[in-house]
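A.B. asks: Letter by letter, the chains look like this.
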Amino acid sequence: GGEGVERLLEHRDKRGFDTSGNWCLTIFSFRGRAVPIVPLLAYYLYCLIVVSVIMVRFQHIFVECQDSYCFLDSLTTPVSIVGSALFFLLVFRTNSSYARWWEGRKVWGAIVTTARNMGRHAAVFLNDKDLALDIIRWAAAYPIILKSHLRDEKELHEVASILQGGQIQDVMAATHMPMHVMLRISADIRVIAVHKLLPEAQIYYLDANLEEFMAQLASVECIKRTPMPFAYVAHLRTFMVLWLMSLPFVLIHDLEWLILLVCAIIGYVIMGIEGIGVEIENPFGRDYNDLPLDGLVAKCTDNLRQMMTFVEEQKGPPADE
Amino acid sequence: GGEGVERLLEHRDKRGFDTSGNWCLTIFSFRGRAVPIVPLLAYYLYCLIVVSVIMVRFQHIFVECQDSYCFLDSLTTPVSIVGSALFFLLVFRTNSSYARWWEGRKVWGAIVTTARNMGRHAAVFLNDKDLALDIIRWAAAYPIILKSHLRDEKELHEVASILQGGQIQDVMAATHMPMHVMLRISADIRVIAVHKLLPEAQIYYLDANLEEFMAQLASVECIKRTPMPFAYVAHLRTFMVLWLMSLPFVLIHDLEWLILLVCAIIGYVIMGIEGIGVEIENPFGRDYNDLPLDGLVAKCTDNLRQMMTFVEEQKGPPADE
Amino acid sequence: GGEGVERLLEHRDKRGFDTSGNWCLTIFSFRGRAVPIVPLLAYYLYCLIVVSVIMVRFQHIFVECQDSYCFLDSLTTPVSIVGSALFFLLVFRTNSSYARWWEGRKVWGAIVTTARNMGRHAAVFLNDKDLALDIIRWAAAYPIILKSHLRDEKELHEVASILQGGQIQDVMAATHMPMHVMLRISADIRVIAVHKLLPEAQIYYLDANLEEFMAQLASVECIKRTPMPFAYVAHLRTFMVLWLMSLPFVLIHDLEWLILLVCAIIGYVIMGIEGIGVEIENPFGRDYNDLPLDGLVAKCTDNLRQMMTFVEEQKGPPADE
Amino acid sequence: GGEGVERLLEHRDKRGFDTSGNWCLTIFSFRGRAVPIVPLLAYYLYCLIVVSVIMVRFQHIFVECQDSYCFLDSLTTPVSIVGSALFFLLVFRTNSSYARWWEGRKVWGAIVTTARNMGRHAAVFLNDKDLALDIIRWAAAYPIILKSHLRDEKELHEVASILQGGQIQDVMAATHMPMHVMLRISADIRVIAVHKLLPEAQIYYLDANLEEFMAQLASVECIKRTPMPFAYVAHLRTFMVLWLMSLPFVLIHDLEWLILLVCAIIGYVIMGIEGIGVEIENPFGRDYNDLPLDGLVAKCTDNLRQMMTFVEEQKGPPADE
Amino acid sequence: GGEGVERLLEHRDKRGFDTSGNWCLTIFSFRGRAVPIVPLLAYYLYCLIVVSVIMVRFQHIFVECQDSYCFLDSLTTPVSIVGSALFFLLVFRTNSSYARWWEGRKVWGAIVTTARNMGRHAAVFLNDKDLALDIIRWAAAYPIILKSHLRDEKELHEVASILQGGQIQDVMAATHMPMHVMLRISADIRVIAVHKLLPEAQIYYLDANLEEFMAQLASVECIKRTPMPFAYVAHLRTFMVLWLMSLPFVLIHDLEWLILLVCAIIGYVIMGIEGIGVEIENPFGRDYNDLPLDGLVAKCTDNLRQMMTFVEEQKGPPADE
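Residue numbers (our numbering), protein chains in the order written: chain A, 15 to 335; chain B, 15 to 335; chain C, 15 to 335; chain D, 15 to 335; chain E, 15 to 335.
Mixed in with the good hints, there may be bad ones.
Each pair may be met inside one copy or between any two copies, as identical chains are not told apart.
[Claimed, not checked] Under the rule of at most 25 Å between Cα atoms (straight-line distance), these lysine-lysine pairs were calculated in the DSS-like manner:
1) Lys-168 to Lys-210
2) Lys-210 to Lys-143
3) Lys-313 to Lys-168
4) Lys-313 to Lys-210
5) Lys-143 to Lys-168
6) Lys-120 to Lys-210
7) Lys-143 to Lys-120
It should be emphasised that the hints constitute simulated quantities derived from the structure, not laboratory data.
In isolation and in its complexed conformation, chain A is listed as follows:
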């Protein structure tokens, strides 16, 4: 996911050459738009039918009316009055979705940080080589597995170079994959506690990292599994559809066939705003507008793989520094 974000970043980096930056990219891009196509086409069809019927059959009533009795024009006022209520709701909805998107990004930043911290702790303080490697491995695998879990997928080819075959099968067999990883790290911590391989304060430090994983898991599941309230989504959409459906009647007296163009543009921009809200509400997928999780996780995996090399090389005889 997150190609859109990556393309924006690419262009931002090149901005030194052209002050107008990524204007071309954003205005002429066809990919990554969040406008819902089927409803938009349905709306266009509806407008076409309404305007055609009026222009062909009822032109004497609605269009060629005299100033004293052109009642459809009066609809402009209520349509523009309630329009601002609709726009408020739409923009607030989009911003609530953006707030979730951004929260998701922050939690993922924290997940990567916690994985690195856990790895660093094991690498720096733990003298038992095998145990240290095991903890680093699980810490490295955790973000990959969580990403896969949030996408409702089970393909873990990215962990193939980190975990061993049996471990991967265990993970894939688990009902809740991230929870399985945490239980494995818990088991390692228990071994450390039982054999007193670390001073007590250190053990709880590792454990605190695990608690952070737990809290972060709750946060991302919260974002993924709880869309906006049904009544909010349904009422806003109904409101939007009612408002858009009343548009062709307004101004048909003045604009005649041109009203079709006006409706097309307004329908596109308004449905697009609602579409953004839907698109970014769940930011963990593989869409163009989702968070760039793949790159983020890959960087974290690299860091932890370095730590694994560090542990394997330097710690032949432990504590010889």
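Once you've looked at the hints, dock chains B, C, D and E against the given chain A.
C.D. replies: Relative to the frame of chain A, chains B, C, D and E by itself:
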């Protein structure tokens, strides 16, 4: 509760097949709408009476007036001016309610996390099998009991497989059920402290989990027991009713009987926005738009039941690893 | 305080029977409205005078004017343009006040939680019966005394059953009552520290509760003692008054005496929005719209009194479990 | 600073007698308004010139025009359309400033709390009388010195009764006064650590207070040294000036000389909103609208002086309780 | 970066002399404006062409039309209706960007604080002179290196006086420079842990500082590497361009050539609002509107250099105080 959220989730998962996703569901759904029915019907009746009286008795004054003296049309201006004030207030109110709904969701995520952490601590570090099982049991029962408490219910059939009969009766007899559970866990911690079954730092760790339960309890009770300030709710509703009641007088000159349709639509969307605010202000009930607590709690119970099995199986002779 | 909130809660609980819920309560309630009465009446008087003078003396200029020279009607445009600026400011101001109200509620939830935690710690871990009782007593008295302090009162009849006579007199004699309570708890902690009645980590735990009291005290005093900036309040109110004062001139040509009704309604709703902001800015009083502190504190006192009973009964011979 | 806030508080306390409370104070107050005087007068002069020139020389073109060619009137539409964009930006800017003001207030609440906690720790747990007094002194001096530092002043007469002469001179000679105080407290903590005058956990507790001072220092310097982004401030002001400068051309056809009054009022209210944003962006000064830091700091100093008396009196022979 | 902020600060400090403060600076400044020049010029060209074509070729249709058939004038209504939706989105976007800018500033305040704390800990508590100096050096170099990393630069001349030649080369050779610094500090902490140069609690304290560095790194990378979602940016820009492109057709009947001036001003202010959002979204660069990181980091380096002097001078023989 939370069927609305679950239906949205279902449709989101299927979105690969149809880009228009859950449009049909949300627009044509009758269930889960937050529009207050009785006030809306009362408003429709009011509009019908006002418009009928004007059209039947006073048409010569209000409708057939000449351009120079059609004073009711001038009401359009004040109605549209204060309309934006009304919409601001409405949308902000709805968003404050949504903020509570979302905060409630986050606190519940944290409650489940704390329960899992408490169970994991008892399972991993505590060697006394009975005590560990007791703590895990109470930790598993806590979210169920809290859910029931927030719904002002006393039916605890979900805990039947976790707690023992006497314990359930004690819980149901308590004046404040969640507090009772916390006192029971406190008593267990006291036993651990007196018999020094865990190193001191660990004891406070368990105790910190308990403090988190306490703080989370304060948060959810805060959301449940403190609606928006009375003056805010009452003034906003009065404002809305006054504004809606002035609508039929506006534009009756131009739209005549059609004003009824306009009022019907505007009344529906505006009252609907206010209704959403009321509906999601208290997110812990069993409504269609409430938080999906049942599923959330059931998952947590499953996790903790696994830990109970783990403790029962592996810990026959403690610390033999 | 907080009757308004309690009445809303009562009606919410009954909502199963009538879908329209608390509509009657909120729309027809006379109590708990935040509209400032004297300024509103002054405004009505002003409108009456302005409209009377125009209608009686200057009708030939302002009302019976021809289309080409009815200049007062042109005021509609500037009045409606700046109206939206006014409404933005008003609604943002009201929401800033609501944010303070809600923050006050959350801090009070935390105060109650900290008091319970402190009591629970003393009850569960401290073996010295008298000292434990003393700490629980002060923890139980603290919320009551803080509530009284925030209301600038000195009537502490609620603590009569908790503290002893001399202690109450000491509290009432103190310049800063909550600080006095904290110093008393500090003294108890010092005794514990000197005589090593608790392990060191526990002492700091109790002390951390005290630090939380301190931080919460800073939060509530921050809300109480720092109203919105003067310039914000004064400018917004001046803006509102200028805007309302220009209203009677607008549309008098069209609406004539009816403009009085329009001004009355608009003045009521606009001043009411500002009034809500003022009303809920300081949420710790005894008003209809304040936080329901009395009930909250009473529940907390009950909890701590139970702990006192628990300590008195079970701890005859300490640590005999 | 903060007289405005204090006057509001005074009137709030008296509100029991008059429901209209501080209306007179806020509406008729000349002090504490944030309207920028010189730009406002410049704008008035500009309006006067524009309107005079039009009315005297070009009246035949702009004012006495017929309906078919009064093109200036058409400016009303674009001016009102972009007006709402301007008001959004203005109100958001003012609210961002208010958010900083309030954050500044909260951080100062925390600073006072940390100073009290540090003093209380030294007073309650430290047995070395001189060292305890020294730490309390520095803790008492810190808020005063920080206040002075934030105001870019060096007058420290308020600390004269707390610190000794040489200490004050050292503080005034330091390049960064608050940092100097923290280094002095650091030195005291080092002495405690070297001579083991406190158990280790306590030392870090004191040190944690110091870290909080450090973080709070970063927060307040962040607010003081980082105004809103230049582009935001400059563009908003340019936008506002362009909009206000177009006002006299709009409606001059209808309102003629009366347009001067309209421009005067609109200029006053709009520039006033921007002025509030500027005024409260930096809340640590001595202005009428700044935070009431003097009173806040004075209270804290009193508390810590009581602790000094407490230490001096009770601790003649240490630990004799 | 951050000259704009610094110029605002300069003028704020001088405000005592002139109440109009930095008005001249902000209104007449050419530098630091965020208006995108190329798109703005393209828009001006478009307007010129459209208006010329209409005025020269189609004047009989669009301009000299009679009242009954001047259909382009009717476009005013839809343009003003959807205008408010556009402005909402624009202002919310700008404020989301400002929120990131401000968050970036707060994180940088925390980074500097953590660096100071780490240095202070090493200086005050660690008796091994070389190790203390090494940690202080890395703590001093970290903000400089992070700043450089966030700007995608590798010029580290500012650290030349802090680190040694080989260390600088190592840093520049690292793939992720800030991570390299943290691993070096980790190595120092490991040495302290292995040789028990500090009590255990202190070691974790230093380590906690490192964890804070890690979390702050995640925060700033989050801000830098994740622009607003592509769909949001692209749709908003498309919406803005469509809206601006429809402007010249609106009101051309009334304003004729003057519409060019109106379009020029509106295009400038609207594109400017969007430009601010783009400009401040990534606040870590060297632009006029970026955060004043250079000054911030320089101050922190000074502080830590003082600590290095302090360690070098006073700690000849350790712990002789």
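A.B. asks: Against this structure, judge whether each hint is valid.
C.D. replies: Hints, one by one, checked against the model:
1. Lys-168 to Lys-210: Answer is neither; intra-copy 36 Å and inter-copy 44 Å both fail.
2. Lys-210 to Lys-143: both (15 Å within a copy, 21 Å between copies)
3. Lys-313 to Lys-168: Answer is both: 21 Å inside a copy and 20 Å across each meet the 25 Å cutoff.
4. Lys-313 to Lys-210: Neither way: Lys-313 and Lys-210 sit 33 Å apart in one copy and 33 Å across, limit 25 Å.
5. Lys-143 to Lys-168: neither (30 Å within a copy, 35 Å between copies)
6. Lys-120 to Lys-210: neither (35 Å within a copy, 36 Å between copies)
7. Lys-143 to Lys-120: Answer is neither: 33 Å inside a copy and 39 Å across each miss the 25 Å cutoff.
Hint check: violations occur at hints 1, 4, 5, 6, 7; the rest are consistent with the structure.
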